[in-house]
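For the protein sequence lines, the chains are A and H, in the order given. Quick note: the first sequence uses the numbering used here, first residue 1, plus one each step. Quick note: the second sequence uses the numbering used here, first residue 1001, plus one each step.
These are calculated hints, taken from the structure and not from any lab test. Only true hints are included.
So the derived list for chain H, only partly shown, Cβ under 10 Å to chain A, looks like this:
1. 1025
2. 1044
3. 1046
4. 1052
5. 1059
6. 1063
7. 1069
8. 1071
9. 1115
10. 1126
11. 1132
Using N, Cα and C, we set each Cβ at its ideal position, and we do this for glycine too.
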Amino acid sequence: MSFTIASTLDDALAALAAGARPIAGGSDLVVGARHGKAPLPGQLVAIDRIAELRGVCATDSGVAIGALTSHGELESNALICDRWSALADGCALVGSPATRHVGTIGGNVMNASPAMDTGAPLVVLGAEVELRSQRGSRHVTAADLWTGPGRTSAAADELCTVVHLPDQGARSGSAYLRLEYRRAMEIAIVGAAASVSLADDGTVACASVALTAVAPTILAVTGLDTLVGMPVAAAAAAARAAASEQARPISDLRASDDYRRHAVGVMAGRAIEAAARRAAGESIPVPLNRSTGIGAAWSSTGAAS
Amino acid sequence: MSDRLDITLRVNGTEYPVSVEMHRNLLSVIRTEVGLTGTKEGCDDCECGACMVLVDGQPVNSCSYLAAQAQGREVTTVEGLMPTDGLHPLQRNILDEGGVQCGYCTPGMLVSASALLARCPSPTDEDIRIGLSGNLCRCTGYAKIIAAVQRTAAEG
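Based on the sequences and whatever the hints tell you, model everything.
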């Protein structure tokens, strides 16, 4: 049994090479251990004090998000809210203020839950995840990283260090929505992210959609080339149909498979519409669930109604 | 190899040298080894917020945070909110507004509310609802708790 606190990335990579598992905030790891999902590893290296892994940095081709950047930092980061809005929409829905303070983007990515609220945004935004080990570093797309519920293609000695998001181009926008029964400490019933680029005439030039909690991993909707050239309303209807058709949901205590299949289509259509409004220059505040009244309201007279 | 760690926790400005198992959560060490029982165990599942403490000024569910990770950080519990000469304004106002019934959620509510007011001194009701959204109360219906936070903010 061992517990060490790494102060540098090199310290952390050395510990991983020696068999330790990383812990950042611990919000998935510690809760999961008590649920019997997986016992806490016997060798832990705390990585939460490695300053070089925290923060949002604009690059020549987009933005680099340090793996230890918290959901709370991302939901309030002006650059992310403005240009990679879907990710901010997702981060702002995670847990509670305490969860968003402790939880990190790297931890969320490596936990590989198909219900994660940052996952669909990362897929439609073209995220690449940087994995580092003493053997070197490599970039993998989010889609190639996630192989199943709680499973990734990363080796045991690899640490997620950076999430890279490419520039989205002019007249582009993105959005993430989820169906929820309550407004805090909730896990998505289903969710959908969309990224849309508009042509000069206002039709869709490019669109992508990814879905939350309807498959063993975050699901990228395929065949959306047909949306190119469509007016936004028609593209939203087509995305809605494609999402419901391609979803492979399960039934569990939160929802039946039929309900999830229907609802994820609704979310996909609305995500396309919201992403297109943002692409056209409209400012819709983060998170979209609150600003458009989707999901649970505080009360019958709540602000979200 | 032993799974015990000799660590020092700084809680409410006082340093406590403790010997704890590596996997112990901060909540149980605060209540048992440190001996401060204001922080409550509710769900023990990161859902209810009864265990809320501040770590370096930020709210944290102490049931789901390893004690070992708090080394070198400043932990503040509900006891640490109190000035030496009486109640914290949030404590006084939650009493005056009737925001306490069974009282089990109250320490966590106070800790979350103090973190909210530190970063947002003039919150809207919506800000308060979001700030307290990780704290469940099964008695009050929240309205009086929100009123207490608003009254504290208005007092500056």
